[in-house]
Amino acid sequence: MQFPAVSVRALLPALIVLGTAGLVLVLDLLPPRARKGHLPVLSLAGIVLALLSTTWLWGEETRAFHGMIVLDGYALFLQLVICYAAGLVVLLSIDYLHERGLESGEYYALVLFATVGMLLMAAAGDLIVVFLSLELMSLSLYVLAGYFRARLASGEAAMKYFLLGAFASAFFLYGIALVYGATGTTNLDRIGASTGRDSLLTIGFALLLVGFGFKISSVPFHMWAPDVYVGAPTSVTVLVATGSKTAAFAALIRVLVSAFRGGQLDSTALLWVLAVATMTVGNVVAIAQSNLKRMLAYSSVAHVGYMLVGLTAGGALGAGAVLFYLLVYTFTTAGAFGVVLLLERAAGEGVSLADYAGLARGHGVLALVLSLFLLSLIGIPPLGGFVGKFYLFGAAVRSGYVGLAVIGVLNSAVASYYYLRLIVYMYMREPEAAPPPSATSFAGGLALAVALAGVIVLGVMPAPFIDLAQAAVTPLLR
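This note's numbering puts the first residue of the sequence shown at -10, with every later residue one more than the last.
I should point out that these hints are in silico values taken from the structure, not numbers from a laboratory.
Just so we're clear, the structure is a prediction, and the values are computed from it rather than from any experiment.
Glycine included, every Cβ here is placed at the ideal spot set by N, Cα and C.
Treat the hints with care, as some may be off.
The following label-pair restraints were derived from C-beta to C-beta distances [unchecked claim]:
hint : residue 1 : residue 2 : range
1    : R89       : V386      : 45 to 51 Å
2    : E419      : V262      : 40 to 46 Å
3    : G383      : V446      : 17 to 23 Å
4    : L41       : D456      : 20 to 26 Å
5    : E124      : T174      : 16 to 22 Å
6    : V386      : L14       : 35 to 41 Å
Derived DMTMM-like pairs (lysine to aspartate or glutamate); straight-line CA-CA distance at most 25 Å [stated by the list, open to error]:
hint : residue 1 : residue 2
7    : K282      : E88
8    : K25       : E88
9    : K282      : D216
10   : K149      : E124
11   : K25       : E95
12   : K149      : D216
13   : K149      : E95
14   : K282      : D187
15   : K282      : E419
Hey, can you work out the whole structure from these sequences and the hints?
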């Protein structure tokens, strides 16, 4: 029996995070068991080491397990984004959990296990690996969503996330079975090399798209997102909104580009409809929300629609724009939820718009930082959100989808209403009560500083990063 050659280099970032997760579990059992401060530091160190390993491996292309794992420029770029997201989540979690007396080794271990699944999804070259890494990520997130066991909303969020996720996984697995039946393989490159247009392959692709649609929370598979975003711990919400979306888009783009090329299936019309529906429903429903976390949940749905515009455009411009937007979106969304997290610590569970009235008087710095993140989400220059949308809609125009780009711009105009409404509350509304005491968190402040720096740098100097994104996706199109 010939065993497949194992390339450690192809698995290096994931192995580093996996080893860190195991070490966290072991150290959690050792004395002093009452102190947990070293566990997030170790978790963050492992993520930073994985981040450094991605930069060290940059420019290489390594395969393992007969092409089931592909570590190329595309995977490394997205693993970089995932490591940024995981690092920000750990920083935001430190004081957030300590204040509630809920620090534990298993929390940070689950965050790291979820990160391992995300890293493997970015490097998956086979549908089986996509499914296994998807389940590793999802099972960890299901448990994390219900981490606040004493809160009914947290348990409800975990249960909804689990049940709907299980249905989506069943669709995804059935889609893999149909694709295998039509092509005789689950390897993405071999599926792409197969000839002919089989109805079995079409149905399999549709079922795969259902599973991906749930993970990226596109319409009509988005109904879980608002309840999970509100009920889960805010630090977990950051991971769901950034890291899991990045991993899902990483696998989706590779599957679309490598396995289902235009010669077999033309998914452009379907992606066009999904993009329009997702960004329109997300923005329109967000207008009616008074809970800030629920509003940001529907906002994230709308941003998935913008990224689907890039997938519809296709080519190196469209896919590269999606990768760049994922980087911008990670910093912006993590920063916005980070401010909510810090104020949630200071003001209990107050996350309604009314709670933010007059925020600039009591927390001037946090109000300014949140305003910058909101302006980036709108797409106001010179912040990263503007550049990201410019490249996405520009790719659509260059590919001939002018109408789709116009719909995207109109949706951005609609979205500006509920983002600017929050800024008006913070600066122009009188508070109903005295402002809450300031929430001091060095780790949380560091996370916000990193996120804000990322948004500004990507807005002022986007060229190197968009070039890297397009260079990363170009080999997939050959």
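Numbers of the earlier hints that this structure fails to satisfy, in rising order: Violated hints: 6, 14; rest satisfied.
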